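First to last, the protein sequences are chains B and V.
Counting in UniProt numbering, the first sequence runs without a single skipped number right up to 326 at its last residue.
Counting in UniProt numbering, the second sequence runs without a single skipped number right up to 326 at its last residue.
Warning: the hint list may mix true and false statements.
If chains are identical, the list can't say which one is meant, so a pair holds when it fits in one copy or spans any two.
[Said to hold, decoys possible] In silico DSS-like links for lysine-lysine, alpha-carbon gap of 27 angstroms or less:
id, residue 1, residue 2
1, 135, 60
2, 222, 5
3, 103, 181
4, 324, 5
5, 60, 103
6, 60, 133
7, 135, 181
8, 133, 5
9, 5, 135
No wet-lab data here; the hints were simulated from the structure.
No experiment lies behind these values; they were computed from the predicted model shown.
Protein chains: 2
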Amino acid sequence: MATIKDVANHAGVSVATVSRVINDTGYVHENTRQKVDEAIRQLNYSPNEVARSLFKRKSKLIGLLLPDITNPYFPELARGVEDRMQESSYRLIFGNSDEDEHKERDYIQTFVQNNVVGVISSTNDPNADTYMKLKIPVVFLDRTSNDMPSVYADGREGGRIAAQQILARGSRNVTIQQGPKHVRPAQDRYQGALEILEQSGTPYQVVQTSSFSYEQAGVSAKELFQKYPDTDGVIASNDIAAVAVLHEALRLGRQVPDELQIIGFDDIPLSSLVYPTLSTIHQPAYEMGREAAGLLIEIMENGYALHNNIQMPVSFIQRDTTRKVD
Amino acid sequence: MATIKDVANHAGVSVATVSRVINDTGYVHENTRQKVDEAIRQLNYSPNEVARSLFKRKSKLIGLLLPDITNPYFPELARGVEDRMQESSYRLIFGNSDEDEHKERDYIQTFVQNNVVGVISSTNDPNADTYMKLKIPVVFLDRTSNDMPSVYADGREGGRIAAQQILARGSRNVTIQQGPKHVRPAQDRYQGALEILEQSGTPYQVVQTSSFSYEQAGVSAKELFQKYPDTDGVIASNDIAAVAVLHEALRLGRQVPDELQIIGFDDIPLSSLVYPTLSTIHQPAYEMGREAAGLLIEIMENGYALHNNIQMPVSFIQRDTTRKVD
């Protein structure tokens, strides 16, 4: 493989000059720059990023921390982040925190040890010391924070819309699944739905789900119908939970949507693949990932951003687990 | 932040000694080692991985290249890789190739520029120059290669089992979905299924699917029933395709499994969440990820591996889209 010395020899200039061209540090005459560029091209020279990162004290690595990539909502976020980062030649070091504080701290530490220049994290604790002490830019994704840059969906409004829609379509005995208590966006949606149901005076009940895992979704769905067999509308904590409720309802012979309406949250690709297709609240996950990447790049490259907190809109997607209205 | 000099001063030893302790290179007296460890702990010193990687000419970074993390089969592989790598303190740089040769080559190149010490790749072209020329260990995941280390499932046997099961359960007019032609594991399954159907003399037909995307799955399912409305058994190219076939069958009012049986491939978490639950061929995706990571670690640390090609078993998971047999 060609070295920087080979490039310098080939171009007839000093190594320092080649370095100035590569790193864009200091004046180089245009003719010289062209000679160096030509030598780089001919020798197919690719500067060692580690050496460059020591020299410039900068790498092109970004740390991305998500709770669990096997939850189908997160790959969409990750793709959004990656695609945007790739456009600006940044690369991702990736980790799953499993919502475990200890694992999260460990990951952030190894990100720093590997000289990442920025971090995107879906943490449950944006105020943790781990983040406060970081000397590189951080953007929280799918999480709100007043003090730090963040990109998130309007969960509270999502919850409101879900409740408004299920009521407008005739449910009169609604069950809300309250998602995991430590997951802030889940609690925002729950509060939003609660708000509308309280106002409406319609009877409702709350069931608790402790995690977003597939296994837990199945268990929660079974419990829901054991406790509240007469419910005629379920606002699920996310789409996985909603698909599990749909499954259990069909297994029990309930007519969906005529006897029972179901609304999910997220709009993961699966929601339009099940039968009947799932009505849900759409979160623009891919776009959120892109926005977070864009925001981090802006902060890294300019030192600041015009808008540090980006709230993304949510919308109701009418499919076949809710009844039609005029 | 504390530097290596601070640690040396605090412990009353030279920087070279601290470096020997940190990098485990050369003899250090046990008492001295303890003093250094204590100083590191007290000062909360964290060695800069980039500097270490230059010093030792080694990083703890691994490149992981997958086709598309939003396909629900791949997050399971990725989790397996990550969990195993984490146990040995390796970190992942991650990229999606979108099965695009150019993107793939770019990623491998930036992996190398960032001094990764090994690569795990689910490529469609294990014989590509990109891999042949690499000077660091590579393991192919979910892909077969005779020349290079690889971890894969026995797709051909999976295809055979799917055909045997659907015939044993009474389908007499089978449709096989042939997955994307450039994806080797998809072709292996297809060949396996074909082999059994040929032997059996049962009438069958083949439909082509060009990608594993959600959109394509829906389109293919519709086409399948337009072309072959009388089919009584579908061997789908993967679980997403199978769920789309199930959806379309239910929409058309077909009784599943009484009039129509469906068998998927992969056993993604979703397959037990749909209703009726999907019978499928299980691939141990998470374990495959772990095995690939273990194999790469073995090669990186020992210079070779005892078994370079690890084939993982597949099995039939009987759920509710196939009829029961005694």
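Copy assignment of residue 133 with residue 5, given that the CA separation must stay at most 27 angstroms
between (40 angstroms within a copy, 22 angstroms between copies)
State whether the alpha carbon distance between residue 60 and residue 103 is at most 27 angstroms within one copy, between copies, both, or neither.
both (24 angstroms within a copy, 17 angstroms between copies)
27 angstroms Cα threshold - placement of residue 181 relative to residue 103:
within (20 angstroms within a copy, 40 angstroms between copies)
Up to 27 angstroms CA-CA - residue 181 versus residue 135, copy category
neither (30 angstroms within a copy, 48 angstroms between copies)
Is it within, between, both or neither when you check residue 222 against residue 5 at 27 angstroms Cα-Cα?
neither (68 angstroms within a copy, 61 angstroms between copies)
Using 27 angstroms as the alpha carbon limit, work out where residue 5 and residue 135 are close: within a copy, between copies, both or neither.
between (34 angstroms within a copy, 21 angstroms between copies)
Status of residue 5 relative to residue 324 across identical chains (alpha carbons, at most 27 angstroms):
neither (71 angstroms within a copy, 71 angstroms between copies)
Within, between, both or neither, where residue 60 and residue 133 count as close if Cα-Cα is 27 angstroms or less:
Both, since 21 angstroms and 24 angstroms are each at most 27 angstroms.
Intra/inter-copy verdict for residue 135 and residue 60 if alpha-carbon distance must be at most 27 angstroms
both (16 angstroms within a copy, 22 angstroms between copies)
Consistency note: the structure conflicts with the earlier hints numbered 2, 4, 7.
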